[in-house]
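Using the hints provided, position chain B relative to the given structure of chain A.
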Amino acid sequence: MAMTITEKMLAKAAGKEKVAPGQLIDAKIDIVMCVDVTTPPAISMLAERGIDRVFDKEKIVVTPDHFQPAKDIKSAELHKRLDEWARRHKIKHYYKIGRAGVCHALLPEQGHIRPGEVIVGPDSHTCTYGAFAAFSTGIGSTDAAAAIATGQLWFKVPASMKIVLNGSLGPGVYSKDIILAIIARIGVDGALYKAMEFVGPALAKMSMEARMTITNMAIEAGAKNGIIGFDKETKQYLDEHLRDKTNYTIFESDKDAKYDSVEEFDCSAIEPMVALPHLPSGGVPIGDCAGKAMDQAYIGSCTNGRIEDLRIAAKILKGKQVAIRTIIVPATPTIWKQAKDEGLFDIFYDAGCVIAAPTCGACLGGFMGVLAAGEKCVSTTNRNFVGRMGHPKSEVYLASPATTAASAIEGKLADPRKYL
Amino acid sequence: MSKAHVYKRDHINTDEIIPARYLNTDDEAELVKHCLEDLDTDFVNKVQSGDIIVSGEDFGCGSSREHAVWAIRGAGVQTVIAKSFARIFYRNAINNGFYIIELPEAPEKINDGDELEIDYKAGLIKNKTAGIDIKFAPLPDFALEIIEAGGLLNKLAKKNC
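Same order as they appear, the protein sequences are chains A and B. Heads up: the first sequence at position 354 corresponds to 354 in the working numbering, and the numbers run straight through without jumps. Heads up: the second sequence at position 117 corresponds to 537 in the working numbering, and the numbers run straight through without jumps.
Okay, chain A solo, but in the shape it has when bound (with noise of 0.2 Å):
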């Protein structure tokens, strides 16, 4: 029987032959990632019930980030559970700060994300590794705490869906806007239970970094996982970036693969896309929206705050200056020593950003540019839910870095385009 990239590799997960959508299946976990607001209940719930133990110390990743460095007395006492935690059970991959950073930048980054393994994680955006052929999903609390004590959870194979990425992205659009073209055509609930997956010739042009903003968003589309196949760009990114555990298997879907449904997309006509509020699949042209005066503008999160997003941005800022308030988040320490180190820090405080330290910050209205009522911000963010940055009465605009930056300079949406 032929078989997706993501049936493949929930059926080696779970032992199986072959598997088929809709089936339940007792996969094994190679990475279970944790965060500093969900891992400390899944903790929590372990101790309460006497099962405290971790199913192996060098498979677990614990970074904080979401409200790190802590922002408050009680997200302090989220990073002391998770910290005691964490010691106790000398978990092997524990990033503390300075070298913490945004999860779904950093373990790519620090080579923790290898194609074929199964990764989860108690964060939504945990699909982001997809990018590399792996299979990730974001789970909950209690989810997490099975994953760290017994190393198995359960699955409902999903359905998978496919998405044909053709032609080529012309200039100023990025990566971002396809996955906004994208969810605006399909809807939030578009892909909902279902495998996104990634194909087309425009896809095989992106960077990995790119690719990583896409498959970010399948969650926005309501997708269990994104999955982007193996290349060379993969292999190259994988080369610089694996340490300790440097092969993998490499999984592939059949020719003959079922799939739910296809939805073909022409990236050459897809221009600068904004996600008004209040949901992800608001996305329209920049052309029916600019002009649209914000208060702020942010760059930074698991889905546009990596290197290539603060080059994008830095090139449009050059020698100009903000007109708002604009807040740069570079996702990790990493990231933030190669924006230092390459000079673009220095084009930042000239136009007249703020650099923050590495952090989900603000994307979820935690803190670093939290919104007032009635402000607006555009945002590289994956969310403009009601509330999502601040205020319920705030509103949020999702965009690329480059949209942001040009907008950050006119101090209303603004079309890249004239800033290339």
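Just so you know, the hints here were simulated from the structure itself, not pulled from any lab data. Owing to the predicted nature of the structure, the values given are computational and were not obtained by experimental measurement. Among these hints, one or two may not hold up.
[As the list claims (entries may be wrong)] Just so you have them, the derived chain B footprint on chain A, three or more residues with Cβ under 8 Å:
1. 114-125
2. 145-153
3. 359-369
Cβ atoms here follow ideal geometry from the backbone N, Cα and C, with glycine treated the same way.
Frame of chain A, contents of chain B only:
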């Protein structure tokens, strides 16, 4: 008496159910105070123990925060009836032993304030106000097993004993 609180909208997300500004704690009593705050500021004042939330498609989409289930359950809500659920919310509910009901015609057959009685085993909702019986498909067996054990971790703990 179990009263229905109907929110006909689709895509009620976990940011609306429990905003991230309250995620600096996992204390259920604290979370309850802010349940559904960004959707309906009055919800916590009007909800009574045993009440039911009724909604549209894709309930619980967005963030994986299980705090959303804890806040709803902690507020005394006995179940959520929705046209469909977002994947992670669905898992989180089952994993917590919290029964949820998928019912495509939910918002059409239940009005805000209706009194409901639910027979989970029979898969039957009695809408006493409207005087109608509404059938629903019970959760699949694997989910019922988890719910009967009192959640995934209780099931796991029992297996370990």
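Going through the hints against the structure:
1. Proximity of the region 114-125 of chain A to chain B, defined as three or more residues with a beta carbon under 8 Å from a beta carbon of that chain, is established by the 3 residues found.
2. Chain B is given as covering the region 145-153 of chain A, and this holds because 4 residues of the stretch bring a CB closer than 8 Å to a CB of that chain, at least three being needed.
3. Remark: the region 359-369 of chain A is confirmed as covered by chain B, as 3 of its residues place a Cβ nearer than 8 Å to a Cβ of that chain, reaching the required three.
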